[in-house]
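Undergrad: Here is how the chains run, residue by residue.
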Amino acid sequence: MQKEISGEALLQIADETVFDEDVLLLWILVWSELVAFGILLTAFLIMSGVYAEDFGLARIHLNPGLAAANTVVLITSGWQAAIAAQRRATPSKARVPLCLAAAFGLLFVLIKCIEYAGEFRYSFDATFSHFFQLYFLITGFHLLHVAFGSVVLLLVAWRLARDNILLITTLWHAIDLVWLVMFPIIYLV
Amino acid sequence: MYDARFPLLGTFILVLILAIGGVVFATLSDGNLIVIGAVLLIAFAKARFVILDFMELRHGQRGMALALLAWCALLLLAALARPLLVSTLA
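Chains A and B, in that order, are what the protein sequence lines are. The opening position of the first sequence corresponds to residue 59 in the numbering used here, with each subsequent residue numbered one higher. The opening position of the second sequence corresponds to residue 62 in the numbering used here, with each subsequent residue numbered one higher.
Calculated directly from the structure, the hints in this document are not laboratory data. Among the hints, erroneous ones may be present.
[As the list claims (entries may be wrong)] Coverage of chain B stretches by chain A, computed from C-beta distances (three or more under 8 Å per stretch; other residues unrestricted):
1. 111-119
2. 130-141
[What the hints assert, rightly or not] Pulled a few chain A residues facing chain B out of the computed Cβ check, cut under 8 Å:
3. L83
4. L87
5. A143
6. L235
7. P242
C-beta atoms are modelled at their ideal positions from N, C-alpha and C, and glycine is treated no differently.
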């Protein structure tokens, strides 16, 4: 006996199919970011091997304290984003954590700009040029992602939708993940 | 009840402790390969918690979780290989 499918059920199936396609697009976006950062970080590691002495000297002028503070800020932001994702079944409950995640993201941008202000003058030194070119390229590219992501988090908090919450929070965790790997490579080891 | 008000708090605190621990270890490293290895291992542990708990991949999409963990592991292993190569070539 053939089972009849109601119009509502058909709409739900269609909605889920669109959502699956959105998730696929999301992972393609996430991996395009990870591949780009992977290439940049590999270039940094190779250059730090080739110009080991220059990179060692240039690294002295970085501010790992501010970068460590930014790690705490981004982890806190990621935690709030994860809470928002958990509450996506009831989107109105995700508004506050989304706004908090965006606020911590913007705090990250502010701290990074303060850090840049102290480091920028060293980038004109010929000895440090290889290091600072890559440093500003990699961390600047990441900073743009954080700034853009914060704005999108706020937009999603304004126009709440279950699918959008999952999309932006997953992308936000990918940006978080890049920083967690980038931080020890550039500042610590 | 506690967990409902503060979901994922345990993971958050653990990742924070690891982040602070990694920085403390790094200040003590002074080029010591074992300490560098520990710092990179801590970074991997942080990334693992973000992937499995924050990205909700602990109980589903196992392949995606493994791929993300592999991305982190490859870069951190390359970071560990760099001082080894530099000290070998020097």
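Undergrad: Each hint needs a verdict: does it hold in this structure or not?
TA: Hint by hint, here is what the structure shows:
1. 111-119: It holds, with 6 qualifying residues against the three required.
2. 130-141: holds (count 8)
3. L83: violated, 14 Å
4. L87: violated, 13 Å
5. A143: Check passed: Cβ of A143 (chain A) comes within 7 Å of chain B, closer than 8 Å.
6. L235: holds, 6 Å
7. P242: For P242 (chain A), the interface hint holds, since the closest Cβ of chain B sits about 5 Å away, which is under 8 Å.
When each numbered hint is compared with the structure, violations occur for hints 3 and 4.
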